[in-house]
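Q: Listed here are the chains, written in short residue letters.
Protein chains: 2
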Amino acid sequence: MKAKEKILQAAYDCFSKRGYTGATTREIARLAGVSEVTLFRLFGNKKELFREVLINFSVIPDLRSISIPEGSGSEVLAEVGRKIFLSLKEKKEFLKILLSEITGLAEEAREVYSHFVETFEYLLLEVFSSVFSSSSCSELREKVRVFGAALFGFFVSEEIFQGKELSPEEIDSFIETLVRFLSGGSH
Amino acid sequence: MKAKEKILQAAYDCFSKRGYTGATTREIARLAGVSEVTLFRLFGNKKELFREVLINFSVIPDLRSISIPEGSGSEVLAEVGRKIFLSLKEKKEFLKILLSEITGLAEEAREVYSHFVETFEYLLLEVFSSVFSSSSCSELREKVRVFGAALFGFFVSEEIFQGKELSPEEIDSFIETLVRFLSGGSH
DNA sequence: GTTAATAGTAAGTACTTACTTACATCTTTA
DNA sequence: TAAAGATGTAAGTAAGTACTTACTATTAAC
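Chains as they are written, first to last, in the working numbering: chain V, 74 to 260; chain Z, 74 to 260.
Please note that a few of the clues may not be correct.
[Stated by the list, open to error] Here chain V is said to cover these stretches of chain Z; the calculated rule only asks that three of the stretch's residues, wherever they fall, bring their Cβ under 8 Å from a Cβ of chain V:
no., segment
1, 130-138
2, 183-189
3, 230-243
[As the list claims (entries may be wrong)] Distance ranges between label pairs, derived from CB positions:
no., chain 1, residue 1, chain 2, residue 2, range
4, V, M74, Z, G146, 56 to 62 Å
5, V, S147, Z, S209, 44 to 50 Å
6, V, V190, Z, E194, 24 to 30 Å
7, Z, L115, V, I141, 18 to 24 Å
[Claimed, not checked] Below, computed lysine-lysine pairings styled on BS3-like, alpha-carbon distance capped at 30 Å:
no., chain 1, residue 1, chain 2, residue 2
8, Z, K120, V, K169
9, Z, K77, V, K120
10, V, K120, V, K162
11, Z, K237, V, K90
I should point out that these hints are in silico values taken from the structure, not numbers from a laboratory.
Keep in mind that this is a model prediction, so the values were computed, not measured.
Where is the CB? At the ideal position from N, CA and C, for every residue including glycine.
Take the sequences, apply the hints, and build the full model.
A: What follows is the structure, encoded as structure tokens:
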């Protein structure tokens, strides 16, 4: 692994553990096993390094790579919900960085987040319109909103705030309930 | 207003704007209109001040003070949802602090958050068991989870991440959709 | 084998941070 | 009026921060 990669990975770990202000270039360099001078030569300054971390470890590619599976309506929804949740889980540290800097470093973080929301909603809208083909456009968007908010809220609350590592069964259980309500029946 | 109160208020503003590490005792004192020495005399150190801010500006009292209104099932749910959302909105800055410090300052922040989740779920369970009196206990808890996650996720995503200030109509619209799905019918 | 790129070491700069000490001023209370 | 408490000013400490400069060592390319 080249120095640049090692630094990016160390910065990712360090920013997610200590936040932007809390992370120091010294510690990042030490973790990466390179000198601090190398860090500054390759990235110029701390903020630029942060920006590159946000680009390199984004959850977006994971979301984009999710394909719509075959099956009945409820099955498709549940499967996509599962995949989204797992993508979020895999990029948990990245999301922690985003969370911890959303107030302080507004510009960069908010930009990345907006992009995330767009991709998220676009993907869901695609899925929902294939599953609920008879629904109106506004009806679809309502469902996407509720589904997205519930999934995201569940993830943030359990995995990030409470620091839990949910098992596949716990995730499935939540998603199946959610899909049941959205599909119209409560039984 | 006494010095202690002024400092607490200034610290609240400053922590929510810059995060724990980003906020400085100098700026807090300046904002409060007191000397930095007074700050240290009254609070000992920065961490202790932070702890007192978390206690003083918690969203818990707001949540606890929510009473269950009269009306049909759906009306009650929607009204409670609205009240919860408004409580969150009122303590938005407090929640930003919690969010930005959940990873860095784990102990204090996580403790406060756990307390928040408990109160949140307890309140919802009370409401749901009066609204869906025929549902089983596990069914009730499932509904509470979905309702809570969706409400919280919607708030965090829109108000905190995207920095929007949602109008009462937008809030109502989301909550009504959510209640409709949870009440079993999609029409 | 020379050159150019990539890394490291050592030292230092200019600044900021949390926090302290010593002493003076004002206000309230007894 | 005297004592006690709360606040301010001025100055400083020790440590940490991002970032720089000057120079050296290693590696790969031509």
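Q: Do at least three Cβ atoms from the segment 183-189 of chain Z come closer than 8 Å to Cβ atoms of chain V?
A: holds (count 3)
Q: Examine the segment 130-138 of chain Z for residues whose CB is less than 8 Å from any CB of chain V, and state whether their number is three or more.
A: violated (count 0)
Q: Apply the coverage criterion to the segment 230-243 of chain Z and chain V: a residue qualifies when its Cβ sits closer than 8 Å to a Cβ of the chain, and three qualifying residues are needed.
A: Holds, because 5 residues of the segment 230-243 of chain Z bring their Cβ atoms closer than 8 Å to Cβ atoms of chain V.
Q: Within a Cα-Cα threshold of 30 Å, do K120 of chain V and K162 of chain V meet the stated pairing?
A: Holds, because 26 Å separates the two Cα atoms, which is no more than 30 Å.
Q: Assuming the hint says 56 to 62 Å, is it satisfied by the Cβ distance from M74 of chain V to G146 of chain Z or not?
A: 58 Å, holds
Q: Regarding the pair K120 of chain Z and K169 of chain V, is the alpha-carbon distance no greater than 30 Å?
A: Distance ~22 Å between K120 of chain Z and K169 of chain V Cα, so the pair holds.
Q: Look at the Cβ atoms of S147 of chain V and S209 of chain Z and judge whether their distance stays inside 44 to 50 Å.
A: 21 Å, violated
Q: Starting from the hint 24 to 30 Å, judge whether the C-beta atoms of V190 of chain V and E194 of chain Z obey it.
A: 26 Å, holds
Q: Taking 18 to 24 Å as the stated bounds, is the beta-carbon spacing between L115 of chain Z and I141 of chain V within them?
A: 59 Å, violated
Q: Below or equal to 30 Å on CA atoms is what counts here, so check K237 of chain Z against K90 of chain V.
A: 27 Å, holds
Q: Hinted pair, alpha-carbon criterion (30 Å max): K77 of chain Z, K120 of chain V. Please report holds or violated.
A: Distance ~35 Å between K77 of chain Z and K120 of chain V Cα, so the pair is violated.
Of the hints listed earlier, those the structure fails to meet are numbers 1, 5, 7 and 9, in rising order.
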